[in-house]
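There are 2 protein chains.
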Amino acid sequence: MNVEIINIGDELLIGQVVNTNAAWMAEQLNLSGFRVYQFTVVNDLQDHILEALAEAEHRAEVVLISGGIGPTRDDITKHTLCKYFNTRLVFNEDAFRDVEEIFARRGYPVTELNRQQALLPENCTGIPNKLGTARGMWFEKPRPGGGSTIFVSMPGVPFEMKAMMTGEVIPRLKQIFKTPFLYHKTILTQGVGESFLAAQIEEWENALPSHIKLAYLPQPGMVRLRLTGEGSDEDILKQQVESEVLKLTKLIPEYIFGYDDQTLESIIGKLLTEKHATIATAESCTGGTIAQMLTAVPGSSAYFKGSVVAYSNEIKERILGVNAESLEKYGAVSEQVVTEMAVSLQAKFNTDYAIATSGIAGPDGGTPEKPVGTTWIAVASPGGVYAMHYLFGDSRERNIRRTALQALNLLRKKLPVAQ
Amino acid sequence: MNVEIINIGDELLIGQVVNTNAAWMAEQLNLSGFRVYQFTVVNDLQDHILEALAEAEHRAEVVLISGGIGPTRDDITKHTLCKYFNTRLVFNEDAFRDVEEIFARRGYPVTELNRQQALLPENCTGIPNKLGTARGMWFEKPRPGGGSTIFVSMPGVPFEMKAMMTGEVIPRLKQIFKTPFLYHKTILTQGVGESFLAAQIEEWENALPSHIKLAYLPQPGMVRLRLTGEGSDEDILKQQVESEVLKLTKLIPEYIFGYDDQTLESIIGKLLTEKHATIATAESCTGGTIAQMLTAVPGSSAYFKGSVVAYSNEIKERILGVNAESLEKYGAVSEQVVTEMAVSLQAKFNTDYAIATSGIAGPDGGTPEKPVGTTWIAVASPGGVYAMHYLFGDSRERNIRRTALQALNLLRKKLPVAQ
Chain L
1 MNVEIINIGD ELLIGQVVNT NAAWMAEQLN LSGFRVYQFT VVNDLQDHIL EALAEAEHRA
61 EVVLISGGIG PTRDDITKHT LCKYFNTRLV FNEDAFRDVE EIFARRGYPV TELNRQQALL
121 PENCTGIPNK LGTARGMWFE KPRPGGGSTI FVSMPGVPFE MKAMMTGEVI PRLKQIFKTP
181 FLYHKTILTQ GVGESFLAAQ IEEWENALPS HIKLAYLPQP GMVRLRLTGE GSDEDILKQQ
241 VESEVLKLTK LIPEYIFGYD DQTLESIIGK LLTEKHATIA TAESCTGGTI AQMLTAVPGS
301 SAYFKGSVVA YSNEIKERIL GVNAESLEKY GAVSEQVVTE MAVSLQAKFN TDYAIATSGI
361 AGPDGGTPEK PVGTTWIAVA SPGGVYAMHY LFGDSRERNI RRTALQALNL LRKKLPVAQ
Chain Z
1 MNVEIINIGD ELLIGQVVNT NAAWMAEQLN LSGFRVYQFT VVNDLQDHIL EALAEAEHRA
61 EVVLISGGIG PTRDDITKHT LCKYFNTRLV FNEDAFRDVE EIFARRGYPV TELNRQQALL
121 PENCTGIPNK LGTARGMWFE KPRPGGGSTI FVSMPGVPFE MKAMMTGEVI PRLKQIFKTP
181 FLYHKTILTQ GVGESFLAAQ IEEWENALPS HIKLAYLPQP GMVRLRLTGE GSDEDILKQQ
241 VESEVLKLTK LIPEYIFGYD DQTLESIIGK LLTEKHATIA TAESCTGGTI AQMLTAVPGS
301 SAYFKGSVVA YSNEIKERIL GVNAESLEKY GAVSEQVVTE MAVSLQAKFN TDYAIATSGI
361 AGPDGGTPEK PVGTTWIAVA SPGGVYAMHY LFGDSRERNI RRTALQALNL LRKKLPVAQ
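Chains as they are written, first to last, in the numbering used here: chain L, 1 to 419; chain Z, 1 to 419.
No wet-lab data here; the hints were simulated from the structure. Any given hint could be a false lead.
For chains that are exact copies, the list does not tell them apart, and a pair is met inside one copy or across any two.
Unchecked claim - Cut-off 30 angstroms, straight-line C-alpha distance, at most; resulting in silico cross-link-like pairs (DSS-like, lysine-lysine): (1) K370 <-> K270; (2) K247 <-> K370; (3) K348 <-> K329; (4) K348 <-> K185; (5) K275 <-> K413; (6) K83 <-> K141; (7) K247 <-> K414; (8) K329 <-> K162; (9) K185 <-> K270; (10) K83 <-> K413; (11) K270 <-> K238.
Bound-form chain L, shown alone:
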């Protein structure tokens, strides 16, 4: 069973907007056991849309259309769909009540333009839109050989489309098409490259049962591993996948920091909150990136007290209290200095934990002894302080990102886990 996604919009074809809708829709469909066969992006012209619909009908059993049904441009898609299905627009009471309700909530009067949004093709089923005024439209067109091809038209506004896909369209498709049970689990790893990771887990991967597949999803500084199991019994399948996750967790415990939608920042926040513990950061090469990541989490003021970004030696010495001798003798990028930064900050900010970073992010500043990418990270905890040395790569942006993630993961390993 094939799905085709048609996105309508000139803004996509001039490159002003990247087509994230198609990728998101495809990922969700995949996770529900549907196979996406093609994406087609066309502009707001009736003939062009008609051609795309006809071609898609030959290839796919389900055609999902997004874009072109907002209040200012709805004519083109709705009229085009009427033409394609040889039908006409009729006033839909339910759809109009939805529009009225939304406008009442926002305190605006309903305009004639909005009234037109309640006009829907006669042969379609309207799909409620909880977040906007344009209904989705569900069409079923009989196929010559029996059965029907399903066409669904949705808004192009991402949050409206997403709510409609997960709340309405995918559940309805699952009722019609028998898809296998799928169970997904994503394992989050940090501090190891994709190819090294693959070598480490090769035996486990090769021994996976054939109905459980592994996907590598690399990002700068981390690799996500997604296991997808396919079966007929949901409970058994879940058990089987979780058992593989357990094996993997025992195999590479040092690299795994979490699962599914967790982030290092949110895991750390949860652990610190539970223990009523506090943290601060002393950042040189990361330039405030770790503080920025920690404070992106809502509620972080409960455990994050602050940071000193010490970009110059003067600030390291004068504000953080690093010894002038250490800076002189070992240099700013050294075990000695990064350790002093962490310990001094922990004392000054009166926190339970402190992270410090010092490195050569590049592109300049490298030497034969300390090339670009050289990085020291220290973590101070109630039990003491320790520092680790890394040699990252050439890219300033990636070095900063990798240092920040590595530092957060070192900290996480020092935090007591809730029992």
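Since the structure of chain L is provided, determine the placement of chain Z on it from the hints.
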């Protein structure tokens, strides 16, 4: 004249990778005067690719294909192209020399797999790939009515594709198709929403000559305005567009901070470097974001000395030296406190300039007097200090981003401009 872009790759159709290649290609083509009519994304199956090629040939004069020609998967695309053009693979000496050179530079031996990359369809012109081992392929297929349809196959790796597009493909297309001269200029604005901006410049926009078009490109915290002029004489066109830019600059000087590819961080870096001046930041609600943005610029250690992220009142008082009374009497989010933060940091870090932020980013922490989004920003310069008040929105992420951009722009306005 229509261009169609075909992207080949299963990773796109499962939503693992967002199709940024198509958007980038479309933008570049547009900037060179070519119109993109459709994007088509297909998977790595021969029949599917053949179908997409045949359909595209009906719609477009130029078909640009990216993906599926790397060393491990090149068979499918190259064999498919051979089948489509009814030709065969032949060994290409030039292509092989390129592969040998690249491997010699990297210090690896050439494998049989890489030798196969020098096999190209007999009817194509190889396009050099400066950054990889897979050549591009240029085909011209005669049309029944005269002329030819051009097919170009490129790698899917973004940086290889981009270098090939700008260095080879677009220049060749411009030689064949007469495109008008286009001149683009992007005006960067900050601190004003899209609709308010549109109202402010409406008269100017309506008076634009018909051969100069305006596009609004909004991003969180800023709006870019792109003017595109089309004409037959490059010099006259450039003069006309620049004259409109000048009019616009006089109309809304307070919102414009730069042009084209500049960023606030890079402009500030340049101005500070020229004046041998230094800066530090005292951040509460932005949590290190401003420091992170400033230090993302290579060479920023020349002017950026550091930051104090003061997320708790204790740190504001003890480390930054804000008066306990001010915190008590006015609260942390106040003109008094943000001003003290900036002045105190400027003195402690011994810098010429200092930025301070304090606000309620949300989702919690708002009160009827100071709702979520309430923000104070102070800028201390050698000439004194001033503070500004803002009321942003509900989203924590956007509030942080808008505060950071606003603070950087306030600082920029205080920096002496080079004569």
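Checking each numbered hint in turn, tell me which of them this model violates, lowest number first.
As far as the earlier hints go, 2, 4, 8, 10 are violated by this structure, in ascending order.
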